[in-house]
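Chemist: So you can see what is in the structure, the chains are spelled out below.
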Amino acid sequence: MNIVAAAIGRPYIPGWTDLGPFVAEGWLIVTVVGLLLAPFFARRRNLACFLVALAGLTAALISLLWVGVPAPGRAPLRGILIADSFALLWKAMLIVFTVGVLFLWRSTTASEMREGDGPEFFTLLIGATLGMSLMASTTNLLMIVMAVELASLPSYVLAGFRKTHRLGAEASLKYVLFGAGCSALMIYALTFLYGMYGTLDLGAIARQVQGGAHAHPALLTIAFFGLIAGVGFKIAAVPFHFWCPDVFEGASVEVTAFLSVASKGAGLVLLLRVLMTFADAMEYRAAQPLVALAYAVGILGAITATVGNTAAFAQNNIKRLLAYSSIAHAGYMMCAVSLLFNLNGHQTDAASGVNAPAQVLLFYLTVYLFMNLGAFAVAALVYRATGSEDISAFNGLVKRNPVLAHAMMACMISLIGLPPFAGFVAKLNLMLVLMNNGGGWWILVAVIAVNSIASAFYYFRVLRAIYLEPAGADQPAFAGHPLGVALAAGSGLALVLMLVLASPVSALTRHYARMQGIGGAAATPATKPVVTVSAAP
Amino acid sequence: MNSIASILALSVDAQTVPAVLFYLFAGISAASALGVVLSRNIVRTAVCLLFTLVGVAGLYFLLESEFLAAVQLVVYVGGTLILIVFGVMLTSKSPFSRFEPKAGEVVVAIAACIILFAALVMAIRSADFRPQTLDTTQKYPVVALGQALLGDYLVPFELASVVLLVVMIGAAYLAKSRKRDDKRAVARGAATLSQKARQWS
Amino acid sequence: MDPLALQHYLAVGAILFVIGLIGFVTRRNLIVMFLCTELMFQGVTINLVAFGRYLNNDLGGQAFTIFVLVIAAAEASLALGLVVLLFRQKNTLDADAWRELKG
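Residue numbers (my numbering), protein chains in the order written: chain A, 1 to 537; chain B, 1 to 201; chain C, 1 to 103.
Keep in mind the hints are simulated off the structure, nothing from the lab.
These numbers were taken from a predicted model, which means no experiment stands behind them.
Mixed in with the good hints, there may be bad ones.
Chain A stretches covered by chain C per the calculated footprint, using a threshold of three residues with CB under 8 Å from any CB of chain C [what the hints assert, rightly or not]: (1) 112 to 119; (2) 143 to 156; (3) 175 to 183; (4) 226 to 239.
Derived contacts from chain B toward chain A, CB cut-off under 8 Å, selection only [said to hold, decoys possible]: (5) Phe51; (6) Asp128; (7) Leu149; (8) Asp152; (9) Tyr153; (10) Pro156; (11) Leu159; (12) Val162; (13) Val166; (14) Val167; (15) Gly170; (16) Leu174.
C-beta: ideal position from N, C-alpha, C; glycine also.
Model the full assembly from the supplied sequences, consistent with the hints where possible.
Modeler: See below:
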């Protein structure tokens, strides 16, 4: 009887009860198992796996929102995992986006994919999603490495999933080799943090760095360089971006969309949490390790944005163009992560625990998610109709399929950051917070402004093809898969809505921009906005 | 390590033996690591890596980590390296690689890496690492390692199983050949051919 | 004085890591490049085991080493799967033969 009770009622797993906030991750693991079993029970295996993945993600999203954020103050699972509102919002965004990727697959690649490849494809996709969601909720070095690898390894296969496609396999191998090198570099550098401070917990390490114990500047520099290299590889920051355009061109479009948002977002969220842990331990003062780190990330962000935008001019392939555009946007978001100390106050509001850079990042990611989903959906449908990924395939799209044309227009203008769409508020929010931080951050504001103006030229090339160029004789009107059209139209609509409802979205991200162990995370929700961004009339 | 000295009947003091063994193992691994990088013959490269891995396992023994040394030999040498050798066998028509980069690039890369190495060594020499005390009487109890893996590191441990599952599926997908499809396509082609033949007859 | 200190082991780790890095950057054969990343991982694990040993037998380093072995094995299987796939397409493994992707 005792054994049964022990097996059912209280299983002997240390920290079992702490797993409550991680039910969503549990659902993802269940989904992986379900995906492997589903083909045995269905004849149309690809469709069955699509439905299982969809159901699993829905269950994960519902349980994520149902369970919510646990009361702070406890370190669940011996401090290995962290459940807080910052991680929660990222996970919700990630799951919603992955559902979008599933629909994108359904509307484009599903008909090309060989029957029976579906189980593998969705297993890899859900596995990568699990890794990316765990990247947001840990400050343990070992767990960071495992989460990054769980996010990376399936991505390598996904990038080369079209085995018959020449570029796909080649880009995938480039990705895997470069990824192995970068992860070796990252783990090697992290061993020095472990050796100097005798713990794998970054919070404890940060407190010791603040106390000045055993700090060796050269080794600390190497450690942070490696950390930035490993995470920079995930977000394709210059000079770790070489894989990005090739992989984006070689992979099928829903994988490209997935990597452009989920992989980069997870890297940025991880980087923000790691750096804020250090910054918070040093109370956001302009002290030495922090200043160097902030400048390094800021300069890297500025270079990344500039290189991405410069290289995008020469591209004629829409997927390569969007790849460089996503590099540029990763650069903008890195600028937000560089806000490690504040000359005019405190990064974390003492009363509410709201972390201003986290709010900026979450807001930007929310908007970025819809911009890229929409742009890739349109690109995928145009490719399905014309068989070409060239920008000339968009010629006269406004006549051929007006809904897609207008959706693409919304995404492109939003990516530039111009007013009638939500990209404008995201970028404005970013620039205002950078400006308010004092110090040298106005330089980053200037860099972002110049980059945005420059980027308009290549985004407008696409728009010119859509609206001004006449359609060729071999470019007839097409309807497109209804699910894909709905996805593109929905993304465009979301971009409009998020501009009109900028204040609620801003308030939502501010409410969730609180991290456990950083600032006063235990405090009540923020009522007074840090930065007010009102809707343009 | 005293036991080794007594077996060898050497009249050396207790501290010399580990030092000699250390330099032996370190020399083996470093020399064969150079072999990995310099050799043009891929099979020889793989064999050099084998010696590096064995040398590193020896260093683990010196660090009183017998379990890890065994794992290194079984998993790395017995598993990963065999996998690599299979990869070499499956893919190399000639064991020599033909294209190699220009001398200029090599010089720049080596110079950069040597600067990095010098910086690393200087930093390591001058760094004040935490406790320098080494309790030579104690070894790692394997029991404690098992308890740590299923206690403190339970979550990464379970995650490792997910990683391995996903990677296994991915690798199987990549390496799986399309022969069955080809056969089916051939069969389909033959069927249409015979249909046409029937029409014509 | 103890003839062997932590620094000795770290130096071996650094040597293996940097040799691996040199090979990774300069060699052009895909399998050799991949073997060089294995060398880099060996440098990592020596560091971890040595740090753990000299941190009063802290188990973190040992546990981390086991996970690094898992990661290295996983990367090996994926990379070799891709290598076999590519070889079927092209019959060569020299990176310079793969000029179809621009940098």
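Chemist: Check each numbered hint from earlier against the structure, then list the numbers of those it violates in ascending order.
Modeler: Structure breaks hints 1, 4, 5 and 7.
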